[in-house]
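Undergrad: Quick note, the sequences are listed as chains A and B, same order.
Residue 334 is where the first sequence ends in numbering that gives the first Met the number 0, and the numbering goes up by one at each step.
Residue 338 is where the second sequence ends in numbering that gives the first Met the number 0, and the numbering goes up by one at each step.
Worth flagging that the hints you see were computed from the coordinates, not collected in a lab.
Glycine included, C-beta positions come from ideal geometry on N, C-alpha and C.
Misleading hints may appear alongside valid ones.
As the list claims (entries may be wrong) - Stretch by stretch, here's where chain B covers chain A in the computed footprint (C-beta under 8 Å, at least three residues): (1) 149–163; (2) 242–256.
Unchecked claim - Distance condition first, Cα-Cα at most 25 Å in a straight line; then the derived SDA-like pairs of lysine to any residue: (3) A:Lys329 x B:Ala312; (4) A:Lys329 x B:Ser137; (5) A:Lys178 x B:Tyr108; (6) A:Lys178 x B:Lys149; (7) A:Lys178 x B:Ala312; (8) B:Lys178 x A:Leu60; (9) B:Lys178 x A:Ile303; (10) A:Lys173 x B:Ser137; (11) B:Lys178 x A:Gly31; (12) B:Lys337 x A:Ile303; (13) A:Lys329 x B:Ala88; (14) B:Lys148 x A:Ile303; (15) B:Lys149 x A:Asp175; (16) A:Lys173 x B:Tyr108; (17) A:Lys173 x B:Phe59; (18) B:Lys149 x A:Arg328; (19) A:Lys4 x A:Leu18; (20) A:Lys329 x B:Ile33; (21) B:Lys148 x A:His268; (22) A:Lys178 x B:Ser137.
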Amino acid sequence: MMSLKRILSIISFLTISILLLFAAFFISIRFGANNITYGDITNAILHFDSTNPNHVVIHELRIPRAIAALFVGAALAVAGAIMQGVTRNALASPSILGVTSGSSFLVALAFAFYKDPSYVMIAVHALIGAAVGASFVFGATAMARGGVTPVKLALAGSAITALLSSLSTAIGLKFDISKDISYFYAGGFASIQPIHIKLAVPLILIGLILAIGLAPSISVLSLGEEVAKGLGQNTMAIRILSTVAVILLTGAAVSIAGMIGFVGLVVPHIVRPIVGVDYRSVLPASAVTGGLLLLVADIFGRMINSPFETPAGAVTALIGVPFFLWLARKDGRGL
Amino acid sequence: MQLRKDKIPYSLYIICFLLLILLMLIFSMNAGYIQIPIADVWETIIGHGTASNELTIFNFRLPRMIIALLVGAGIAVSGAILQAVSKNALADPGILGINAGAGFMIVLYIFFIQGNAFYQSHIAVFIMPLVALFGAFSAAGIIFLLAWKKGSVKPTRMILVGIGVNAGFTAGLTIFQMKMNPTDFTQALVWISGSIWSATWTYVLAALPWLIILIPYALYKARTLDVLNLGEQSAVGVGVHVNKERGKLLLIAVALAGSCVAIGGGITFVGLIAPHIARALVGTRHQRMLPICILFGGLLVLTADTIARVILAPLELPVGIVLSIIGAPYFIYLLLFKN
Numbered sequence: 000m001m002s003l004k005r006i007l008s009i010i011s012f013l014t015i016s017i018l019l020l021f022a023a024f025f026i027s028i029r030f031g032a033n034n035i036t037y038g039d040i041t042n043a044i045l046h047f048d049s050t051n052p053n054h055v056v057i058h059e060l061r062i063p064r065a066i067a068a069l070f071v072g073a074a075l076a077v078a079g080a081i082m083q084g085v086t087r088n089a090l091a092s093p094s095i096l097g098v099t100s101g102s103s104f105l106v107a108l109a110f111a112f113y114k115d116p117s118y119v120m121i122a123v124h125a126l127i128g129a130a131v132g133a134s135f136v137f138g139a140t141a142m143a144r145g146g147v148t149p150v151k152l153a154l155a156g157s158a159i160t161a162l163l164s165s166l167s168t169a170i171g172l173k174f175d176i177s178k179d180i181s182y183f184y185a186g187g188f189a190s191i192q193p194i195h196i197k198l199a200v201p202l203i204l205i206g207l208i209l210a211i212g213l214a215p216s217i218s219v220l221s222l223g224e225e226v227a228k229g230l231g232q233n234t235m236a237i238r239i240l241s242t243v244a245v246i247l248l249t250g251a252a253v254s255i256a257g258m259i260g261f262v263g264l265v266v267p268h269i270v271r272p273i274v275g276v277d278y279r280s281v282l283p284a285s286a287v288t289g290g291l292l293l294l295v296a297d298i299f300g301r302m303i304n305s306p307f308e309t310p311a312g313a314v315t316a317l318i319g320v321p322f323f324l325w326l327a328r329k330d331g332r333g334l
Numbered sequence: 000m001q002l003r004k005d006k007i008p009y010s011l012y013i014i015c016f017l018l019l020i021l022l023m024l025i026f027s028m029n030a031g032y033i034q035i036p037i038a039d040v041w042e043t044i045i046g047h048g049t050a051s052n053e054l055t056i057f058n059f060r061l062p063r064m065i066i067a068l069l070v071g072a073g074i075a076v077s078g079a080i081l082q083a084v085s086k087n088a089l090a091d092p093g094i095l096g097i098n099a100g101a102g103f104m105i106v107l108y109i110f111f112i113q114g115n116a117f118y119q120s121h122i123a124v125f126i127m128p129l130v131a132l133f134g135a136f137s138a139a140g141i142i143f144l145l146a147w148k149k150g151s152v153k154p155t156r157m158i159l160v161g162i163g164v165n166a167g168f169t170a171g172l173t174i175f176q177m178k179m180n181p182t183d184f185t186q187a188l189v190w191i192s193g194s195i196w197s198a199t200w201t202y203v204l205a206a207l208p209w210l211i212i213l214i215p216y217a218l219y220k221a222r223t224l225d226v227l228n229l230g231e232q233s234a235v236g237v238g239v240h241v242n243k244e245r246g247k248l249l250l251i252a253v254a255l256a257g258s259c260v261a262i263g264g265g266i267t268f269v270g271l272i273a274p275h276i277a278r279a280l281v282g283t284r285h286q287r288m289l290p291i292c293i294l295f296g297g298l299l300v301l302t303a304d305t306i307a308r309v310i311l312a313p314l315e316l317p318v319g320i321v322l323s324i325i326g327a328p329y330f331i332y333l334l335l336f337k338n
């Protein structure tokens, strides 16, 4: 049973992060080339006027961008938390184990085959690629001699990422789409359109709901395979459903934002010391914190080199690397 | 085990590799966008070729092939030393992030000092190895500092730290690249992917002094490498100053990687593959293994560069891309299926 202190810390953590999330959301909408005031934002939401250029900018560019950052952050963070729980590996996350790179690789193929692929096409490829990446991870785990340590799994994921991004570079040069691909690989929100939101956000929501539904089982599984089986859990079914959730979340995130690393790794580690190890609280807290992190990363990315944009993926990497190094020193333990 | 390997005389290995390199050189001279028949290649080499063949072979292909051989040899030795010193079968200057450190410094150099004049100036070509060395040493320092824990550097932890450092430098690169003008941006990108397209005799001259000093020194230290590979206690037992020797050899490995990266760009996995192949062929003694390692490393990069030139012709791939596509599966195989 959760102690009262734990419940209080969960509630206060969620309240504070949701408040910060709202603040970041509004700052993200306000920040950009056009000078927009907070009054404009509330007006644009409450009394939309299609002749007012500021309102149009807010509706067509800024709000979709902020929503994208929010949902991509939530999706990646929850995907990372699920992977860490199910594989019991502190280094697990979509980008480190190669799920993101599988997804991005298939998107690169989509650019090569269809020249100017529609967003639906990109999303389909991103989802298939995430599935391929996820099966690589589990295939490697199943095939390796004498089990796979967290560190080895992370190393294999990095090698797969190196392989796939090299192949993508080759494809980019061959089909003369290097720029599209390297832009996609950098990972960011500069070209978000309303259409992206309409398709990706429902996918992410389905993934999040599935994840929350699985939360109690993931908590049990994170204690170990034997414990879970002893408690009568169908571990295979949980693993498969968790993988489906990870594929939905990662694929949808990659389809609109490209390769964004470290969110899925870092966020669950920030959240766990505060809200505990029960995934019923870890997953929602990760979602909120992940959304907040990417919103802030995107705002920073627009500020550092203004008027140029630094991709949010580079910003999260700068935040994530020290964290990753700290985990590496602990040899991937610390769950 | 040792007996079976000794059945094939060592000199035969050396001769075989030299022949393979020679064959590859001839094939590589002939292959590419402009195909030159073998007979014409020969005519050109002995000085009776047409002017255009002479230009293609002496000014474009030959320096590039020599750079490939030199860079391959240098990185292979660097990898062999890193593997012996850190007792880590997966060590490679590219995987560890030493290349990324050198690359980051070079991009900073392009960004702040050189701008568009990057490939034109001759002095720049000679300064680049120094800049890259600085970057390589900083990266190596960071990696060892962070991987060091309780008096030892655990192999997998070292690689993992390397990957982190790699990611950090890459993110730093991205931020600077976004600020560059498009020409510099493309040049930097191509350079990072590991390309020896623009190799000229100036590049050969810039790389040569480093390799001529460092590779023989590594060969001279082969015994020490053997002893270090046995482990700290036996090394102390036979009277080797473990830490001092380790430090010296690491300096050589990093310097080799840095100078090769300055000329060849981000070339990964050669330092991983070459020592493994060499050990499989002639055993673990460095005196026997290092020469094979050097030859194989050169052959590997030369072959990869020829593939890179031919496979998408008339387009060219950076050689580093070809090497990653070959090397990454090998890395995964070593990691998951070997101890």
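Undergrad: The structure should be examined with respect to each hint, and the outcome stated for every one.
TA: Each hint, compared with the structure:
1. Counting residues of the segment 149–163 of chain A whose CB lies closer than 8 Å to any CB of chain B gives 10, so the stated coverage by that chain holds, three being the minimum.
2. Given a C-beta distance limit of less than 8 Å, the hint that chain B covers the segment 242–256 of chain A is violated, as 0 residues qualify and 3 are needed.
3. Under the criterion of a C-alpha separation no larger than 25 Å, the hint pairing Lys329 of chain A with Ala312 of chain B is inconsistent with the structure, at around 47 Å.
4. In summary, the hint linking Lys329 of chain A to Ser137 of chain B is supported, as the alpha carbons are separated by about 23 Å, within the 25 Å threshold.
5. Distance hint between Lys178 of chain A and Tyr108 of chain B is fulfilled; the C-alpha atoms sit about 23 Å from each other, no more than 25 Å.
6. Only pairs whose Cα atoms come within 25 Å are accepted, and Lys178 of chain A paired with Lys149 of chain B is rejected, the gap being roughly 46 Å.
7. Taking the CA atoms of Lys178 of chain A and Ala312 of chain B, the gap is about 20 Å. The hint holds against a cut of 25 Å.
8. For a cut-off of 25 Å, the pair hint linking Lys178 of chain B to Leu60 of chain A stands: about 23 Å separates their Cα positions.
9. Using a Cα cut-off of 25 Å, the hinted pair Lys178 of chain B and Ile303 of chain A holds, with the two alpha carbons roughly 11 Å apart.
10. For the given pair, Lys173 of chain A sits about 35 Å from Ser137 of chain B by alpha-carbon distance, which is inconsistent with the 25 Å threshold.
11. Straight-line distance between C-alpha atoms of Lys178 of chain B and Gly31 of chain A comes to about 18 Å, which keeps the hinted pair within the 25 Å bound.
12. Between the alpha carbons of Lys337 of chain B and Ile303 of chain A the distance comes to roughly 45 Å, so the proposed pair goes past 25 Å and is violated.
13. Note on Lys329 of chain A and Ala88 of chain B: the hinted pairing holds, with a Cα-Cα distance of about 21 Å set against a maximum of 25 Å.
14. This hinted pair does not check out: Lys148 of chain B and Ile303 of chain A have alpha carbons roughly 35 Å apart, beyond 25 Å.
15. With a C-alpha separation of about 50 Å, the suggested pair Lys149 of chain B and Asp175 of chain A falls outside the 25 Å cut-off, and the hint is violated.
16. Restraint check: the Cα-Cα separation between Lys173 of chain A and Tyr108 of chain B comes to about 29 Å, which exceeds 25 Å; the hinted pair is violated.
17. At roughly 22 Å between alpha-carbon atoms, Lys173 of chain A and Phe59 of chain B fall within 25 Å of each other, so this suggested pair holds.
18. A C-alpha spacing of about 11 Å is found between Lys149 of chain B and Arg328 of chain A, which places the hinted pair at or below 25 Å, so the restraint holds.
19. Annotation: proposed proximity of Lys4 of chain A to Leu18 of chain A holds, straight-line Cα distance about 21 Å (limit 25 Å).
20. Distance check on the hinted pair: Lys329 of chain A and Ile33 of chain B sit about 54 Å apart at the alpha-carbon level, beyond 25 Å; violated.
21. Distance check on the hinted pair: Lys148 of chain B and His268 of chain A sit about 22 Å apart at the alpha-carbon level, within 25 Å; holds.
22. Between the alpha carbons of Lys178 of chain A and Ser137 of chain B the distance comes to roughly 31 Å, so the proposed pair goes past 25 Å and is violated.
Consistency with the previously given hints fails for numbers 2, 3, 6, 10, 12, 14, 15, 16, 20, 22, ordered from lowest to highest.
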